[in-house]
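Spelled out from the first residue to the last, the chains are:
Protein chains: 2
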Amino acid sequence: MEQAFLAYLRGRCRHLPQVAVGIGDDAAVINPSDGQLVACTDQIIDGTDFDSRRFELDGHRWADVGFKSIAINLSDMAAMGGKPQAVLVTIALPNENPSRIAGDVYEGILEAAAEYDLAIAGGDISVYDGPLSISVTLLGSVPSGKAWLRSGAQEGDAIFVSGAVGGSLRGRHLRPQPRIQLAKRIRELEICVHAAIDISDGLSLDLDRLCASSGLGAELEAEAIPIHADAIERAQETGCTPWEHAWRDGEDFELILTMNQEDAKQISKIDLGVPLTCIGEIVGRTGMWKRNLGKLERLMPQGYVHGKSTSQATPESS
Amino acid sequence: MEQAFLAYLRGRCRHLPQVAVGIGDDAAVINPSDGQLVACTDQIIDGTDFDSRRFELDGHRWADVGFKSIAINLSDMAAMGGKPQAVLVTIALPNENPSRIAGDVYEGILEAAAEYDLAIAGGDISVYDGPLSISVTLLGSVPSGKAWLRSGAQEGDAIFVSGAVGGSLRGRHLRPQPRIQLAKRIRELEICVHAAIDISDGLSLDLDRLCASSGLGAELEAEAIPIHADAIERAQETGCTPWEHAWRDGEDFELILTMNQEDAKQISKIDLGVPLTCIGEIVGRTGMWKRNLGKLERLMPQGYVHGKSTSQATPESS
Chain A
1 MEQAFLAYLR GRCRHLPQVA VGIGDDAAVI NPSDGQLVAC TDQIIDGTDF DSRRFELDGH
61 RWADVGFKSI AINLSDMAAM GGKPQAVLVT IALPNENPSR IAGDVYEGIL EAAAEYDLAI
121 AGGDISVYDG PLSISVTLLG SVPSGKAWLR SGAQEGDAIF VSGAVGGSLR GRHLRPQPRI
181 QLAKRIRELE ICVHAAIDIS DGLSLDLDRL CASSGLGAEL EAEAIPIHAD AIERAQETGC
241 TPWEHAWRDG EDFELILTMN QEDAKQISKI DLGVPLTCIG EIVGRTGMWK RNLGKLERLM
301 PQGYVHGKST SQATPESS
Chain B
1 MEQAFLAYLR GRCRHLPQVA VGIGDDAAVI NPSDGQLVAC TDQIIDGTDF DSRRFELDGH
61 RWADVGFKSI AINLSDMAAM GGKPQAVLVT IALPNENPSR IAGDVYEGIL EAAAEYDLAI
121 AGGDISVYDG PLSISVTLLG SVPSGKAWLR SGAQEGDAIF VSGAVGGSLR GRHLRPQPRI
181 QLAKRIRELE ICVHAAIDIS DGLSLDLDRL CASSGLGAEL EAEAIPIHAD AIERAQETGC
241 TPWEHAWRDG EDFELILTMN QEDAKQISKI DLGVPLTCIG EIVGRTGMWK RNLGKLERLM
301 PQGYVHGKST SQATPESS
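So the protein sequences, as listed, match chains A and B.
The numbering of the first sequence is this note's numbering, which starts it at 1 and goes up by one.
The numbering of the second sequence is this note's numbering, which starts it at 1 and goes up by one.
Quick caveat, the hints were computed from the structure, so don't treat them as lab data.
Do not rely on the hints blindly, as some may be mistaken.
A few chain B residues that don't get close to chain A, going by computed Cβ distances all over 10 Å [what the hints assert, rightly or not]:
id	residue
1	D26
2	V29
3	T41
4	Y128
5	S144
6	R150
7	R172
8	Q177
Chain B stretches covered by chain A per the calculated footprint, using a threshold of three residues with CB under 8 Å from any CB of chain A [claimed, not checked]:
id	segment
9	77-85
10	115-121
All values reported here derive from a predicted model rather than from experimental measurement.
All C-beta atoms in this analysis are idealised placements derived from N, C-alpha and C, irrespective of residue type, glycine included.
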């Protein structure tokens, strides 16, 4: 089925200038970017990252899964301040109904590609005795030496979070809006982002990773954290507070950014199309701290850790 | 387990100049190549592409699978005339013994990376309810506009095949020797390769694909095809002739190359470290033909077609 499906796919793909040779040869040839190449990869597996048996219950479709497989990589690209160019998509299809599932999944992939001007430059398809698995590699570019790293935070930096966080499991998590446009706008403004990470495992865990990578800590105005309406709804179901959901729920796919106070002041005056909220400051003392009436209370990272079954996580250094 | 394993992996990876930011951030940053970027991806799945239940019987190990997951991509890179630079490796691990299998698989991956000066620039690891699956994306470069495409063959071109073909299932297929060095040597000689493909599904099928992509055909000196010793051994088991095995067995990972007769003459005089055998000529008449005492006999493509269970294949156009 691979050959027939690739033929179908070639017909569905637009030709984009960043790809010189697309699907159908031994490899794709991508035109050199004007800076450094950025590459990220992420996989999504039925039964681990989502559950197709709940599709009817949750109102989700295979197309959502396809869309998400691209979107989670775009979110990583945004967190590098990168401009996405092309994807390679590898799919392992279950034995049952592989053609129908492949077609449905690709509806979502093609939708994401069209929305973000992404070329589908290649891929691989297999049918096997296992659940649907999609592995996407996204290629993009950044101006040379200007990638936004996790490790670049500096003492005194303002910490921003985009959008609002928490409760994404109520449905948002399958149709994430990666912050590609926001990253592009910030680059155009020549704001110097010192450090960035996307929130995939939870605000607290991912902020902790950024701090650990930078060898620094964070003091937070806890009440400034922008809480999503979904976190409030979710709190009514779980008995946790909306703030707790905002702090630890995963799959927000928002950005955490740090920059110096001058840039922070400048950016706060500009309409970026997405809210950007200052939630605290990078400090020399490691760990995460909540400012409370002049005192500091330790905040522990909580969220989703791959391969662990508890929601309480130990601090991570990656 | 992802975080701990990534930490282990960072420790095992050499720093190579082509990678500015490696494992541990949202994406890898790769230094711009001096030409165009070449990207290919291929996956390898237990039960589909190999069978771990036969390891003991066949004398294979998880490390071989890891090595092969890189080598099959290197073979595609060689078939583009590309220089490999970095890989992103995504692994889905079975629930049983995931850590041990990941460690063993990575032994082979690290061995291939060391042998071909490849940086491991990133990846993703999941544990799931399914068989081991490895998806590799390989990034490399070619001088701008000089990628070796399947579609570039010209009437009158000499057709070469590297090494010897057939019978790889006797064991060679798990430790392929991708023709990266050969491709590099040919580039250095400034031989102008018109078209190229690697033999993954069989000489006949892959040559047919090259011909179809170029809109041309091939006239072959059938007896010139270099038959591997494994094909002769295999023939004793199957009752087919060694030539039939050379013609249709897959996973040789040799290269088919076409070039004009002048370059063909030049290259035939040079020791390339690997035999390069002229097996025929590109012709205007489509299809593949065997020259026999001044007459032409039609040759049908045969080999492994993904998703088909017969060994007789219909001509393909990709």
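Each hint tested on the structure:
no., hint, verdict
1, D26, "violated (4 Å)"
2, V29, "violated (5 Å)"
3, T41, "violated (4 Å)"
4, Y128, "violated (5 Å)"
5, S144, "violated (7 Å)"
6, R150, "violated (5 Å)"
7, R172, "holds (20 Å)"
8, Q177, "holds (17 Å)"
9, 77-85, "holds (count 4)"
10, 115-121, "violated (count 1)"
In summary, the numbered hints that this structure violates are 1, 2, 3, 4, 5, 6, 10.
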